[in-house]
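Visitor: Letter by letter, the chains look like this.
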Amino acid sequence: MDQRRAAILAEIPRLRRYARALLRNRDSADDLVQDCLERALGKLDGWRTGDNPRRWLFTIMHHLFVDQMRREKRRGEAAMLPIEASEAMAVPAHQAESVASHEILDALQAISPDRRAALLMVAVEGFSYAEAANVLGVPAGTLMSRIARGREELRTILEDGSRRRAIRVIEK
Amino acid sequence: MTARDFTERDIHMALDGELPAEEREAYELWLEANPDMKARSQRFASDLAALQKSVGGVLTEPVPERFERLLSGETPQRRIVSPRWRMAAAAAIFVAGGLGGYLLGVTGWGSIDAAASQLADGAIAAHTLYAAEKLHVVEVGADQKDHLVGWLSKRVGVKLIAPDLTAQGFELVGGRLLPAESKAAAQFMYQDHTGNRVSLYIISDATTKETGFRLLEEGGTRSLYWLDDGYGCAVTGTLPQEALMTIANSAYRQLLDGMKG
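Going down the list, the protein sequences come from chains A and B.
Residue 16 in this note's numbering sits at position 16 of the first sequence, with consecutive numbering throughout.
Residue 385 in this note's numbering sits at position 213 of the second sequence, with consecutive numbering throughout.
It is possible that part of the hints are untrue.
[As the list claims (entries may be wrong)] 20 Å max Cα-Cα, derived DMTMM-like pairs, lysine to aspartate or glutamate:
| no. | chain 1 | residue 1 | chain 2 | residue 2 |
| --- | --- | --- | --- | --- |
| 1 | B | Lys432 | A | Asp106 |
| 2 | B | Lys331 | B | Glu382 |
| 3 | B | Lys225 | A | Glu125 |
| 4 | B | Lys432 | A | Glu103 |
| 5 | B | Lys225 | A | Asp2 |
| 6 | B | Lys210 | A | Asp106 |
| 7 | B | Lys225 | A | Glu72 |
| 8 | B | Lys210 | A | Glu159 |
| 9 | B | Lys210 | A | Glu125 |
| 10 | A | Lys43 | B | Glu240 |
| 11 | B | Lys210 | B | Asp188 |
| 12 | B | Lys225 | A | Asp67 |
| 13 | B | Lys225 | A | Glu159 |
[What the hints assert, rightly or not] Just the calculated beta-carbon pair ranges, DEER-fashion:
| no. | chain 1 | residue 1 | chain 2 | residue 2 | range |
| --- | --- | --- | --- | --- | --- |
| 14 | B | Pro351 | A | Glu152 | 55 to 63 Å |
| 15 | B | Thr179 | A | Ala110 | 56 to 64 Å |
| 16 | B | Thr338 | A | Ser145 | 43 to 51 Å |
| 17 | A | Asp51 | B | Arg425 | 36 to 44 Å |
| 18 | B | Glu390 | A | Ser112 | 46 to 54 Å |
Treat the hints as calculated values from the structure; they're not laboratory data.
Note that the Cβ used here is the ideal one computed from N, Cα and C, for glycine as well.
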């Protein structure tokens, strides 16, 4: 395997982590990673050895993610899908998750894809604001406001969630 | 007062490591002087930690073989349904009856590894033999479901469940233990109200490979099969491919939940 391919291979765990947090479902996330890898391999010439492949790969994946979100929106989202498919999409990640992980990952799915991506790029993937803005193709100010709104939204959902859960327990 | 006025924006910057080091001290003082801001910062910090923790484990998961193969330039021609079709197939059927079949067909035929093809061969052979049986279609009936599932789990070495396929119109008839190479296989037999039978054939798989759904057809009997995380399963019957896919989707999820649960 040449140097460039090996460098891409080394980034797969991070790409999978980002995709998993973006999409929640393990299979969908790995499909996104696969699309990203295929796209990257097709554009290997556009990437010089010596460059860190991480930003390049995340940029490719971001474009694919945006396309995917757009397609889903056009399809009319969950309302159009049969029960079978929407159930499949709601399948939790395969490994045992703690309640806290489960909640935060669910909450993350409820915030807008733009905010989700911005927050994850910085908070989980450890990109600087400047790098993340570059990958996501937005001005740094936009990135910052997405992160701030994303965090607030996430907090609100988590707080609502714990209230709802409390009510459910009482109902039982 | 501090050197500059801090705002909520600085909470995010501090959390994300974007606050200049020289402002850090003044920022901490500002937090101390503003308990509501401090509380906010703490909530965000704990959300951040939870978020990092929730997906942190992904980094240590082994890289799926399909990605390694992709990067090493081996792109084996196989009739694989990418896992996305586990989800998309139902949607595709919804859109157009024939599309599910189209999706299965486009990825092409080719060689498949031994473990997976033995699985499908075994499943088709067992289905053909027992689905035709009138009196002794199963060894243990659905009336003893708990016993059946416990027994087969133990013998096969996989924590099994008998998936509920009533949503697809199939009721569990029962199951049996079968030989599969040098190990044991479990077969769960299902039947719809017209007498159509579908079986699930499950083996343990030490390779812990993951595959998408694959299809094997033999004399009008179709088997949709996959390997996933220590087990292999084949859904076999003479139903149309789309119906089989719907069942496979459901069985896949239920088996997985059963194993993790």
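Visitor: Now look at each hint and say whether the structure bears it out.
Guide: So, going through the hints one by one against the coordinates:
1. Of the supplied pair hints, the one linking Lys432 (chain B) and Asp106 (chain A) holds, its CA atoms being roughly 19 Å apart against a limit of 20 Å.
2. Under the criterion of a C-alpha separation no larger than 20 Å, the hint pairing Lys331 (chain B) with Glu382 (chain B) is consistent with the structure, at around 17 Å.
3. Annotation: proposed proximity of Lys225 (chain B) to Glu125 (chain A) holds, straight-line Cα distance about 12 Å (limit 20 Å).
4. A C-alpha spacing of about 18 Å is found between Lys432 (chain B) and Glu103 (chain A), which places the hinted pair at or below 20 Å, so the restraint holds.
5. With a CA separation close to 33 Å, the supplied pair Lys225 (chain B) and Asp2 (chain A) exceeds the 20 Å bound.
6. Annotation: proposed proximity of Lys210 (chain B) to Asp106 (chain A) is violated, straight-line Cα distance about 26 Å (limit 20 Å).
7. Only pairs whose Cα atoms come within 20 Å are accepted, and Lys225 (chain B) paired with Glu72 (chain A) is rejected, the gap being roughly 28 Å.
8. For the suggested pair Lys210 (chain B) and Glu159 (chain A), the alpha carbons sit about 18 Å apart, so the restraint of at most 20 Å is met.
9. Taken as a hint, the Lys210 (chain B) and Glu125 (chain A) pair is broken in the structure, with Cα atoms around 25 Å apart against an allowance of 20 Å.
10. At roughly 18 Å between alpha-carbon atoms, Lys43 (chain A) and Glu240 (chain B) fall within 20 Å of each other, so this suggested pair holds.
11. With a C-alpha separation of about 16 Å, the suggested pairing of Lys210 (chain B) with Asp188 (chain B) holds against the 20 Å cut-off.
12. The suggested pairing of Lys225 (chain B) with Asp67 (chain A) is violated, with an alpha-carbon distance near 28 Å, which exceeds 20 Å.
13. Only pairs whose Cα atoms come within 20 Å are accepted, and Lys225 (chain B) paired with Glu159 (chain A) is accepted, the gap being roughly 19 Å.
14. Separated by about 60 Å at the C-beta atoms, Pro351 (chain B) and Glu152 (chain A) satisfy the suggested range of 55 to 63 Å.
15. Checked against the given bound of 56 to 64 Å, the beta carbons of Thr179 (chain B) and Ala110 (chain A), roughly 26 Å apart, lie outside it.
16. Range check, Thr338 (chain B) to Ser145 (chain A): Cβ separation about 49 Å, and the 43 to 51 Å hint holds.
17. Range check, Asp51 (chain A) to Arg425 (chain B): about 41 Å between beta-carbon atoms, so the 36 to 44 Å window is met.
18. Distance hint check: the CB atoms of Glu390 (chain B) and Ser112 (chain A) are about 49 Å apart, consistent with the given range 46 to 54 Å.
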